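Please put together the full structure from these sequences, using the hints given.
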Amino acid sequence: MIPEIGHFALILALLLALVQGIPPLIGAHRGNATLMAVARPAAQGQFLFVAIAYGCLAYSFLVNDFSVANVARNSFSQLPPVYRFAASWGSHEGSILLWALILALWTTAVTIWSRHLPEDMSARVIGVMGLVSFGFLLFILVASNPFVRLSPAPMDGSDLNPLLQDPGMVFHPPMLYMGYVGFSVAFAFAIAALLSGKMDVAWARWSRPWTAVAWVFLSIGITGGSWWAYNELGWGGWWFWDPTENASFMPWLAGTALLHSLVATEKRGAFKNWTVLLAILAFSMSLVGTFLVRSGVLSSVHAFATDPTRGIFMLAFLGVVIGGSLALFAFRAAKMPTGGSFTWFSRESLLLANNVVLVAALGAVLLGTLYPLFMDALGMGKISVGPPYFNSVFVPLITPLLFLMGVGPLARWKQASLPAMAKQLRVALAIAATTGVLVSLASGSFKPMVGFGVALAVWIVVTIYLGFAQRLKYIGGPTLPALLKIPRGFWGMQMAHLGLAWVVAGITLVSGLETERNVKMNIGDTTHLAGYDFTFQGVSPHEGPNYRAASGNVEVAAGGKQLFVLHPQKRIYNASGMPMTEAAIDYGFTRDVYVALGDELDNGAWTVRVFHKPFINWLWIGGLFLALGGVLAASDRRYRIALRAAEAPAVAPQGAQA
Amino acid sequence: MKSRNKKLLAIGLAVVGLAIVAALVLNAFRNNLVFFFTPTQVANGDAPKDRAFRIGGLVVAGTIKRSADGMNAIFVVTDTAKTMPVSYSVKDNGPLPDLFKEGKGMVAEGKLGANGVFAATQVLTKHDENYMPPEAASAIAQAQKAQTLVK
Amino acid sequence: MKRWIPLLIFVALAGFLYVGLHRDPREVPSPFIGKPAPAFTLPVVGQPGMTFSPADNKGKVWLLNVWAPWCVSCRQEHPVLMQLAQAGIVPIVGLNWKDKDREAEALLARLGSPYTAVADDVSGQTGIDYGVTGTPETYVIDKNGIIRMKHIGIINEEAWQTKFVPLLKELNQ
Chain U
1 MIPEIGHFAL ILALLLALVQ GIPPLIGAHR GNATLMAVAR PAAQGQFLFV
51 AIAYGCLAYS FLVNDFSVAN VARNSFSQLP PVYRFAASWG SHEGSILLWA
101 LILALWTTAV TIWSRHLPED MSARVIGVMG LVSFGFLLFI LVASNPFVRL
151 SPAPMDGSDL NPLLQDPGMV FHPPMLYMGY VGFSVAFAFA IAALLSGKMD
201 VAWARWSRPW TAVAWVFLSI GITGGSWWAY NELGWGGWWF WDPTENASFM
251 PWLAGTALLH SLVATEKRGA FKNWTVLLAI LAFSMSLVGT FLVRSGVLSS
301 VHAFATDPTR GIFMLAFLGV VIGGSLALFA FRAAKMPTGG SFTWFSRESL
351 LLANNVVLVA ALGAVLLGTL YPLFMDALGM GKISVGPPYF NSVFVPLITP
401 LLFLMGVGPL ARWKQASLPA MAKQLRVALA IAATTGVLVS LASGSFKPMV
451 GFGVALAVWI VVTIYLGFAQ RLKYIGGPTL PALLKIPRGF WGMQMAHLGL
501 AWVVAGITLV SGLETERNVK MNIGDTTHLA GYDFTFQGVS PHEGPNYRAA
551 SGNVEVAAGG KQLFVLHPQK RIYNASGMPM TEAAIDYGFT RDVYVALGDE
601 LDNGAWTVRV FHKPFINWLW IGGLFLALGG VLAASDRRYR IALRAAEAPA
651 VAPQGAQA
Chain G
1001 MKSRNKKLLA IGLAVVGLAI VAALVLNAFR NNLVFFFTPT QVANGDAPKD
1051 RAFRIGGLVV AGTIKRSADG MNAIFVVTDT AKTMPVSYSV KDNGPLPDLF
1101 KEGKGMVAEG KLGANGVFAA TQVLTKHDEN YMPPEAASAI AQAQKAQTLV
1151 K
Chain L
2001 MKRWIPLLIF VALAGFLYVG LHRDPREVPS PFIGKPAPAF TLPVVGQPGM
2051 TFSPADNKGK VWLLNVWAPW CVSCRQEHPV LMQLAQAGIV PIVGLNWKDK
2101 DREAEALLAR LGSPYTAVAD DVSGQTGIDY GVTGTPETYV IDKNGIIRMK
2151 HIGIINEEAW QTKFVPLLKE LNQ
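Protein chains in written order, with this note's numbering: chain U, 1 to 658; chain G, 1001 to 1151; chain L, 2001 to 2173.
Possibly wrong hints are sitting among the right ones.
[Said to hold, decoys possible] Using 20 Å as the maximum straight-line C-alpha spacing, the simulated EDC-like pairs for lysine to aspartate or glutamate come out as follows: (1) G:K1091 to U:D200; (2) U:K561 to U:E600; (3) G:K1065 to U:D599; (4) L:K2100 to L:D2142; (5) G:K1065 to U:D602; (6) G:K1101 to U:D586; (7) L:K2169 to L:D2129; (8) G:K1091 to U:D602; (9) G:K1091 to U:E516; (10) G:K1104 to G:D1069; (11) U:K414 to G:E1109; (12) G:K1101 to L:D2101; (13) G:K1111 to G:D1069; (14) U:K382 to G:D1069; (15) U:K382 to G:D1046; (16) U:K414 to U:D200; (17) G:K1111 to U:D586; (18) G:K1082 to L:D2101.
[As the list claims (entries may be wrong)] Short, incomplete list of chain L residues facing chain G, as computed with Cβ under 10 Å: (19) R2003; (20) G2124; (21) I2128; (22) D2129; (23) G2131; (24) Q2161; (25) T2162.
The set of hints was computed from the structure by calculation and includes no laboratory data. All figures in this text were calculated on a predicted structure; none of them were measured in a lab. Backbone N, C-alpha and C define an ideal beta-carbon position, used for all residues, glycine too.
If you want it as structure tokens, here you go:
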């Protein structure tokens, strides 16, 4: 009964999405207030029904209703409840429903916080989002229904893929989707601006907080995904340039470019068309990413659905949404006036350089991801494009960007003085270079790349300091009240830049300094790595809720002092019989110690893999700072003032109606 | 700056950017593309001698042999037409994946040694036990097609 | 003019994606179509001492359905096969693929068996000889023991009507 309610709720949601899409857009075009007023209630209703549908699916998973095919395929009676819940988005069908739910959630957020917008603008934005919702809900009902029943019902399910049974899996897909789908708001604003022809500065101001929030979620999602890969895939890596990772990274690059371009558009009225195009690009990349991962067109860790019908439907949907909006752009963009003037060395030109680099990097990643597909489609053989390609393209592209990151925030709008800035930045450059040399010397054997990466990170940190110093000089010196007067937008930017510097330092340090050893260990054997002694004390059996495991006992000591015992596991999952390596990690601010079991040999001996990973946690700490910066920027006072100012008159008639 | 100059600046930046990206991408592609060959193609001498490539197929049952210290493994891969011996150093490259088993599909990346043994540096299996990596499936299908043509 | 560039790039991209979709690695045409079904002799599930070999069905048009107790899609396909078996349209032989946990017999006892016989391919070797890439897959084998068609995935109503019915009619003439 519950799955049928869910199915029915989806059908109602589909109809409401249509109501949310069509009348408000017509109303906005004709200036008909009645039709425009349909947008908000329809969107909220749509959210309600999608939420009911999702609730029904989650309920079916929680109560182990294996008569639902999706539950039977992706869950198992012995699966712990939290993973049963997570399994509801672990499957193809469930993940697309989650997409639709989150889209409806963002739309509802727009209905609540858009009262300060002109009525036709908000009607268009909500309408566009309604049409996107309609496409997704139609896809779910036609090609990807999660509520299909099995008759007779199997006794038990075939379990969630053990790889997905990790705490990281509980929060990282929803975060990623919040980010992906969040770019739909900026997209809808861009389309609304194109439709109305009103590409004023206000448009950029309205989009900015939404874009920032979506970007925050995406940043957290990517960081979480990397953390999941590090903990769960058992290879000690944290980024594999896997198509799925690229699928989340490409919208992030586009979104980052959009965030910066929006600044120039809002503050100076510059790059209006470009900003619109980036807003379309960011959401398009989200859709393309979903398509790549979910259509099975590229083989990857996550492509568990290979179903051409779904692929064709999704591709058609992509064609309509992306093709349609780019065509609209081609027709309407020319009509919009271009903004203020600036010189070749100014905040604007530096932001433009940032955008060019980010979009170029995005193009290189997209090309690398799709290249095997191109070759295959042209019948030129099967190839794979691995991390070496991405590293050798991405690193040289991003390096100048990191350098510019130190310059950009200090440059003035319109026209900056190169000699003055060179003088200002001389000290920063000297500090960065010195630190780089010292670090690369201190790292044992001379490692230029480590020094260079650290120098870039230090460069950014010093310029952040200079940025605050410059700011404080204008508002009365380095005092606490002055510091508090600095708007949150500025804090947010610097915090995000600091986060990125932290990530860069972490990446270069761990890539350059990590050490690894694979050895056969008899019971009682000791191996040494990076000053640690690892003693293998055999394995003991361990019973998990839905798996059996051989749990290793590895004592770790340093300088003759026992530090801790790690328990890496080799699991066999009961339902699928799938083996899984579960690494054991001792986390630390300056290093991780990572132990994984390989294969069992004779007499209780095992092959054991040990890693010493210096500073790896800086990646994730930096990622969180990046996200925190986005939160600060989105919560800047001026957005709230704009909201409150507009809300006051808007709320009164609402109350009167009620 | 006049808007015409600004436009020139934008176009100039874009062109320079594109040129750099194109150069980087082409260079990276030239050095880092990994082609895929089936054991039959390798047996026919189609595979490069000095360059890394990938092979795919099934691990022949009963062929996985490990050295006593577990640090080296050798096994035979087949596309059902031809077979190909593969060696893999656990010491240098880490343990074999969990789903690496006899009779299962896998893909290996490495170089062909002078002795005709494929020295793998990476072994990949799909993360789902019941399906083969698409490349392995395609290798087998190709070999079977060739076989039926011969008969 | 230049405002059309993004659209043109996208159209080219979409074209490639479209072609890519049709190159589903799992939908490789089976090289066995029109060739004799590979021979095998395997024990029959639930009938100790009995064996099955494709030669036993010489002179009949029959289906070889590759399935496994651990396969959820097969469970989904099961009722369709039951209907076909009850209607007596065509004999269906099961190939119990890689059933390491030995669950097939109990499962068929519980759900009912659509098969005239179930050959037990524990090692999976027969499946490999037939080029099985996943379960379920179904082969149509004619009176002379020639494979006439291979269907990948679940047999649903539509696949049955469009792919199987015309072929079976032709073969049975």
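Verification of the hints:
1. At roughly 62 Å between alpha-carbon atoms, G:K1091 and U:D200 are farther apart than 20 Å, so this suggested pair is violated.
2. Distance check on the hinted pair: U:K561 and U:E600 sit about 28 Å apart at the alpha-carbon level, beyond 20 Å; violated.
3. This hinted pair checks out: G:K1065 and U:D599 have alpha carbons roughly 13 Å apart, not beyond 20 Å.
4. Among the hinted pairs, L:K2100 with L:D2142 is inconsistent with the structure: their alpha-carbon atoms are about 30 Å apart, more than 20 Å.
5. For the given pair, G:K1065 sits about 13 Å from U:D602 by alpha-carbon distance, which is consistent with the 20 Å threshold.
6. Distance restraint check for G:K1101 and U:D586: the Cα-Cα separation of roughly 30 Å exceeds the 20 Å cut-off, and the hinted pair is therefore not satisfied.
7. The hinted pair formed by L:K2169 and L:D2129 fails the criterion: a straight-line CA distance of about 27 Å is larger than 20 Å.
8. With a C-alpha separation of about 18 Å, the suggested pairing of G:K1091 with U:D602 holds against the 20 Å cut-off.
9. With a C-alpha separation of about 10 Å, the suggested pair G:K1091 and U:E516 falls inside the 20 Å cut-off, and the hint holds.
10. This hinted pair does not check out: G:K1104 and G:D1069 have alpha carbons roughly 24 Å apart, beyond 20 Å.
11. A hinted pair counts as satisfied when its Cα atoms are at most 20 Å apart, and U:K414 with G:E1109 does not qualify at roughly 53 Å.
12. About 17 Å separates the Cα atoms of G:K1101 and L:D2101, which keeps this hinted pair within 20 Å; it holds.
13. The straight-line distance between the Cα atoms of G:K1111 and G:D1069 is roughly 24 Å, outside the 20 Å bound, and the hint therefore fails.
14. Note on U:K382 and G:D1069: the hinted pairing is violated, with a Cα-Cα distance of about 36 Å set against a maximum of 20 Å.
15. With a C-alpha separation of about 14 Å, the suggested pairing of U:K382 with G:D1046 holds against the 20 Å cut-off.
16. In summary, the hint linking U:K414 to U:D200 is supported, as the alpha carbons are separated by about 19 Å, within the 20 Å threshold.
17. Under the criterion of a C-alpha separation no larger than 20 Å, the hint pairing G:K1111 with U:D586 is inconsistent with the structure, at around 36 Å.
18. Our distance criterion of 20 Å between C-alpha atoms is broken by G:K1082 and L:D2101, whose separation comes to about 31 Å.
19. With 10 Å as the threshold, the beta carbon of L:R2003 stays out of range of chain G, its nearest partner Cβ sitting at about 14 Å, so the hint is violated.
20. A least Cβ separation of about 6 Å between L:G2124 and chain G falls short of the 10 Å threshold, and the interface hint therefore holds.
21. Annotation: interface hint on L:I2128 holds; nearest CB of chain G at approximately 7 Å, less than 10 Å.
22. The closest approach between the C-beta of L:D2129 and any C-beta of chain G is roughly 8 Å, which is under the 10 Å cut-off, so the hint is satisfied.
23. A hinted interface residue such as L:G2131 counts as satisfied when its beta carbon comes closer than 10 Å to some beta carbon of chain G; here the least separation is about 6 Å, so the hint holds.
24. Restraint check, L:Q2161 versus chain G: the minimum CB separation of about 27 Å is more than 10 Å; hint violated.
25. Among the interface hints, the one on L:T2162 is violated; its C-beta lies about 24 Å from the nearest C-beta in chain G, farther than the 10 Å criterion.
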